[in-house]
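There are 2 protein chains.
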Amino acid sequence: MNRRVVLAARPVGVPTEADFRLEEKPIPTPDDGECLVQVSYLSVDPYMRGRISGRKSYAAPVEIGQVIVGAAVGRVIASKTDRFSAGDCVMGGMGWQEYATPSADLLRRVDPDAAPLSAYIGVLGMPGLTAYYGLLKVAGVNPGDTVCVSGGAGAVGSAVGQIAHVKGCRAVGIAGGPKKCGWITGELGFDAAIDYKGEDVGEALKTAAPDGVDVYFDNVGGPVTDAVFPHLNVRSRVAICGQISQYNAIDAPVGPRLLWHFIVKRIRAQGFLVFDFREHDDVALAEMASWVRSGQLKYTETVAEGIESAASAFIGMLGGANIGKQVVKLSDA
Amino acid sequence: MNRRVVLAARPVGVPTEADFRLEEKPIPTPDDGECLVQVSYLSVDPYMRGRISGRKSYAAPVEIGQVIVGAAVGRVIASKTDRFSAGDCVMGGMGWQEYATPSADLLRRVDPDAAPLSAYIGVLGMPGLTAYYGLLKVAGVNPGDTVCVSGGAGAVGSAVGQIAHVKGCRAVGIAGGPKKCGWITGELGFDAAIDYKGEDVGEALKTAAPDGVDVYFDNVGGPVTDAVFPHLNVRSRVAICGQISQYNAIDAPVGPRLLWHFIVKRIRAQGFLVFDFREHDDVALAEMASWVRSGQLKYTETVAEGIESAASAFIGMLGGANIGKQVVKLSDA
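Chain order of the listed sequences is A and B. Just so we're aligned, residue 71 is where the first sequence starts under the working numbering, counting upward by one. Just so we're aligned, residue 71 is where the second sequence starts under the working numbering, counting upward by one.
In short, the hints are calculated from the structure, not lab data. Careful, some of the hints might be misleading.
Each pair may be met inside one copy or between any two copies, as identical chains are not told apart.
As the list claims (entries may be wrong) - Derived DSBU-like pairs (lysine-lysine); straight-line CA-CA distance at most 35 Å: (1) K150 <-> K249; (2) K368 <-> K267; (3) K95 <-> K249; (4) K335 <-> K399.
Since we're looking at a predicted model, the values are computed, not measured.
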């Protein structure tokens, strides 16, 4: 049987486990052009909160009763396409389920000997590419820039600071709690970390970014971002990747108006989605993999076990329970 | 004697005439490198509200007792520089006074036969250049784009919509009251106008910009801008020129958080100042002048008379009392 998680109800505010339902269905049979994949790891990511809200956005929402969308990595166990064979490891959008029959067009072959399978939904997958494109193609960095990243200990943010280092920048991460802050400065080599739960972010930036912030990579939004804006330098760039602090909001969030800062500092801000840059994926992934091999790009994972833990892993991730990439392990590949 | 207006007190909220003081001083004598200029027209502009607030910004504030800063146009009546002679007409930062002794470096020669003198502090001066650069260099336009401009009947906004037309775009102006709206659609040829005082801007945009907004040129900020954001198209650009609705705010303004829109629509927003593009002024002014001559770029002025009316003209302009460029006439050239 195939165990899978479907949307039971549209969450109001913070999602609860009752918004999700685990169900059992027969293992599906691939049609022409599809593979049957046994999933090893599935990804839970902040963007999924938008997808289950029903709110108009850049992609169609998940409907009630549908399998929750998301990237996963696993092994082909049957194929009706000449592009993949049984035994191949693949990554793609397979949703929260133990078995899936994605179209071959939506799969990327991955090498289980080059990196652990789970890395292909993390540092060598969408989150890593998001960090790469947001920093290098959206914001743009110059050696000596100070790069500040919110959500600094998450899958995206932890890569942002390290790529900033590769490019000769000062890396400042904002994260929640001393454990995350210690990890990004100790293990990952960030130049400074700010614990937004224990520190005044604006005050802390005075010492963490003494020359101001040239690039702000925003995963979080809300009060953290409000505190960063006054520290932005003239001609600074803001790459707006996520606003996780706002995703569970019930009423339309309000906060300080920020547009005046744009004029005074000639700030350029740009929102982006990772798939806007899809044509560059091969080059970007090769470069990211080289930095992983050289030790310049480290990562960690928070691993939940079993499809039955997907909802709680997702809910926890929205609240910042994870360090590094949150994945759910379903099977050994 | 030289009558001039100095800052008497830092305004709190909406400025009052008591914040300004008219004083008489002897007509100044130019030093080497300076001219003595009799001012014909002085400019009152929104940015001056920031300059007298004492708030940290992109330029030093006007101190109590100092002459209010601002551009003016007039005639040289004595010169201690070989760059200008008595009789020349010049434009530059001369402040709110009848006579000034600016350094020749800060003056631009203007031709009183090519355009009325007052145009050089309007459509052929800083406001016109602001429209030109904001639309063409900051936002960037393509034929067929819908360009929406707030403050659409002001000195900058009225030029924005007409330049948009020159470039093959649909021009939508947001302005206060039927008179301004009628002027920009009737006289200037905007495709649509929205009266923010009498209409729901968001609702009105559904018909004024049926294909959404590709470029938003923001002079105003606040609730008008809040209403435009949901109508921005994917890959739209926002040129942030001014936030006049917020300039008299006493408490830090709050409003709906806008950054989520940036991600969903991949919006790029950039704040700018006209002097960031100074190297292009000659080319831009020549092009603007050609459009004025061809009748593609029209303008109007609201003229106050006499230095004693400068403060009230400025206060009125902040509240939207002007149509087109607000100037103060001090003398015939």
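Right, here's what the structure says about each hint:
no. : hint          : verdict
1   : K150 <-> K249 : neither (47 Å within a copy, 68 Å between copies)
2   : K368 <-> K267 : within (24 Å within a copy, 55 Å between copies)
3   : K95 <-> K249  : neither (41 Å within a copy, 66 Å between copies)
4   : K335 <-> K399 : between (45 Å within a copy, 33 Å between copies)
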